[in-house]
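Peer 1: Between the sequences and the hints, there should be enough to build the whole structure, so can you do that?
As they're listed, the protein sequences go chains Y and X. Per the numbering used here, the very first residue in the first sequence carries number 16; after that it's consecutive. Per the numbering used here, the very first residue in the second sequence carries number 16; after that it's consecutive.
Simulated from the structure, these hints should not be mistaken for lab results. Glycine is no exception: its CB is placed at the ideal position from the N, C-alpha and C atoms. One or more hints might be untrue.
[Claimed, not checked] Covered stretches of chain X (in silico footprint by chain Y; criterion: 3 or more residues with CB under 8 Å from a CB of chain Y, positions within the stretch not fixed):
{"no.": "1", "segment": "99-109"}
{"no.": "2", "segment": "143-150"}
{"no.": "3", "segment": "221-229"}
[Said to hold, decoys possible] Using 30 Å as the maximum straight-line C-alpha spacing, the simulated DSSO-like pairs for lysine-lysine come out as follows:
{"no.": "4", "chain 1": "Y", "residue 1": "K381", "chain 2": "X", "residue 2": "K172"}
{"no.": "5", "chain 1": "X", "residue 1": "K228", "chain 2": "X", "residue 2": "K172"}
{"no.": "6", "chain 1": "X", "residue 1": "K252", "chain 2": "Y", "residue 2": "K87"}
{"no.": "7", "chain 1": "X", "residue 1": "K223", "chain 2": "X", "residue 2": "K252"}
{"no.": "8", "chain 1": "X", "residue 1": "K172", "chain 2": "Y", "residue 2": "K87"}
{"no.": "9", "chain 1": "X", "residue 1": "K220", "chain 2": "X", "residue 2": "K247"}
{"no.": "10", "chain 1": "X", "residue 1": "K221", "chain 2": "Y", "residue 2": "K87"}
{"no.": "11", "chain 1": "X", "residue 1": "K252", "chain 2": "X", "residue 2": "K221"}
{"no.": "12", "chain 1": "Y", "residue 1": "K87", "chain 2": "X", "residue 2": "K220"}
{"no.": "13", "chain 1": "X", "residue 1": "K130", "chain 2": "X", "residue 2": "K252"}
{"no.": "14", "chain 1": "X", "residue 1": "K77", "chain 2": "X", "residue 2": "K221"}
{"no.": "15", "chain 1": "X", "residue 1": "K247", "chain 2": "X", "residue 2": "K228"}
{"no.": "16", "chain 1": "Y", "residue 1": "K381", "chain 2": "X", "residue 2": "K247"}
{"no.": "17", "chain 1": "X", "residue 1": "K221", "chain 2": "X", "residue 2": "K172"}
{"no.": "18", "chain 1": "X", "residue 1": "K77", "chain 2": "X", "residue 2": "K247"}
{"no.": "19", "chain 1": "X", "residue 1": "K247", "chain 2": "X", "residue 2": "K172"}
{"no.": "20", "chain 1": "X", "residue 1": "K223", "chain 2": "X", "residue 2": "K247"}
{"no.": "21", "chain 1": "X", "residue 1": "K220", "chain 2": "X", "residue 2": "K130"}
{"no.": "22", "chain 1": "Y", "residue 1": "K87", "chain 2": "X", "residue 2": "K130"}
{"no.": "23", "chain 1": "X", "residue 1": "K220", "chain 2": "X", "residue 2": "K77"}
{"no.": "24", "chain 1": "X", "residue 1": "K221", "chain 2": "X", "residue 2": "K247"}
[Stated by the list, open to error] Among the chain Y residues that face chain X by a calculated CB cut under 8 Å, a handful are:
{"no.": "25", "residue": "A56"}
{"no.": "26", "residue": "T57"}
{"no.": "27", "residue": "D81"}
{"no.": "28", "residue": "R84"}
{"no.": "29", "residue": "G165"}
{"no.": "30", "residue": "F334"}
{"no.": "31", "residue": "N463"}
{"no.": "32", "residue": "N467"}
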Amino acid sequence: MNPKHRNVLFRVTVVVGMLVLAASQAAAVPTFARRYATSCATCHMAYPRLNSVGESFRMMGYQFPDDERYRKVQPVELGDEAYERLWPKALWPSHIPGSSPLSFIARFMAEVDTDGTRPANTTFLLPEEIELVWAGNLGDDISFYGDIIGLQKDFGGKDPEAWVTLKAWLQFQSLLGPDNAFNLRVGTIGTQTMGLLTARDANIYSTHFYTYSAWFLPSPNLQQAELSEFRGNNFSISPQQGIELNGVGRRWFYAAGIANGNVNEPAGNVPEGDVSFVGAGRNSDNKDLYVHLAYKLGGMAYDRSAEPPSESLSTGAQFWRDDALELALFGYTGTADLRIVDLDGNVWEGEDGFWRLGVGLQHRIKDVHWSLAYMAGSDEDPYGNLSDQVVDNRAWHAELLGFAYPWMLLYGRYESLEMDLPDDVPGLNPDQDIDKVVAGTKMMIRPNIFCNVEYSFYPEGAELEEGLDETVFLLLSVSF
Amino acid sequence: MRPCSCCSACRSDRPRSPQIAALAVVVAAIVAGSAVAACPDCGTVAGSIAVEMATIRPDGPKHDRDVVVMLEPVGSAAPPASGTRASMDQTGLVFTPHVLAVQRGTTVTFLNSDKEQHNVYFLDDRTGATLDIGTWGPGVSVDHTFDEPGVMITLCKLHLEMAAYVVVCPSPWFTAVQLDTGSSRARYEIPNVPAGTYELAVWHKKLKQKGGKVRVEVAPGARIEVDIGITKAQLAKSAD
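Peer 2: As structure tokens, then:
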């Protein structure tokens, strides 16, 4: 492969992957530990991954059943609840958090390139990422979340980059029917379940994103394709801007949304500005649609309603345990606007209709968790006037992890991505399939501090992701 | 310590209201702390407790104000184990009370007044031995009998910040008091102590008895004043 071409591909995959990582990483919210004066382990089996209590807390709009019982910091009233009875002759009352809703997260990373193919064999990213997170409730029926994430990447001693991303959403709880059956989220959507509930990037044990969800269709090399611009379909499974309806019941969860699509970041580059709103896209009438479904068999109910008062005495409880099987479905359909400009300035504009469909399962048995996820998709016309070929794709992963101690877990993951790329597009390598192996250990130094030691290796497609292949990652993260 | 040999039989599935549970805790604590019959030929051991060269956390669900004063007979047979009952609740992700003093042989009912699952897990403060008596849901309670004297740090594996102390005293002659938040001092009194020789010991979750245990001679009808200082462990040792 042409070294220059290879470098571009490397940059494309890594940078977009890192963007996804940055967009979805924040999942630990220590402000809740302050609100309830409780340990991170109440909601996290090993932060950021949630245990069943935390998953329920998140789905229920950051509230426990009988929430007032557990609050150690009471919210500030913005009007007595009696004003509800006076409405519309009075303002409907509300609340704001009684203490700061802010949390801070920092990640420090060192990368050691074990095969010596990168300009710098040892890379320090200290810190790699700093996150400011706010989350909480405005009364019982509105929840909110936002984060500002600043991060730097070095790409193995190549070109250091740093940028800031922003997210925010507001959710109105229980609009109709039973509690939390119909909730409306506005803002950055997909932060909790874009992809599969059973394989959430915001919920991983490892240092990096899931390849199966972070990939996107590669762009051709502009020089080889004799183009001055190629704006293709930059879709990847990551948070977007839009509106989502979601709900939770005893054993089920759903979310359906309309998203802006047409993600603004040009493929292969960091955001055009140093500061970017996650999921920002060029507005058009082509909005994308997605749906998530999840069902849980056994274990703690999503809404906690399956815990009868006489729940019998059990033994061997640990904060990470909840023997259960979760099944998940994810579907996404959208239309991406394409724009291709050749060296003579001729402009071709068109659309790429595409879809993704995924299934996943996650099984927790005592101290062992395993999960499988498979996603297939198709793009009708991703390369516009350069090729007429439909591009199908398939991605899957399998993950296994186990707790050696309450503070130490071991994990391994295999991921695979196949794309039926056309072989008639100049400057496009038609073979960009990837197989990836990840093995590591995560150690909770404290409930709010962890470190990872992780190795990733690519049996196939190593040249596409040099920044991750045969690399040892050392990650230290703290949140408070 | 012996685990309850009949946990399933001891378990009560009848939901109790938090108010009733709290009342039960208070009553049980009072009963446990004064389970000594009136004795005209007995004496009284009383005095003050003062925190020296240390500070305590005065408030919050896990404050440092609880102190237990206990007497252990010297040279005579150990008093028979108690058959009394006491109670400890788990409510709002907090063990209540934070410190429960009981006599050896007391059966403690552990309630779950929350809507969360709770676990009770003992760590023997002296030996480091552990015992998980189980996990149970809302409204359920489990009994456990403490047969050996010692301090059982009581934890919940599902909520790591939750902690309480069950101080198992060797005799019925003990009292639990709380230090004043301002002065860090308290008065204690153990009435109805039969005449004899005792070792007076003080337990505090962070501080130690300055100079160690104190030998006291109790005469019929006498009132003995023993003032006690509690301080950091390293200072308490140097005072031995």
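Peer 1: Can you give the numbers of the hints that this structure goes against, from lowest to highest?
Peer 2: Checked against the structure, the hints that fail are numbers 3, 5, 6, 13, 16, 29, 31 and 32, while the rest are satisfied.
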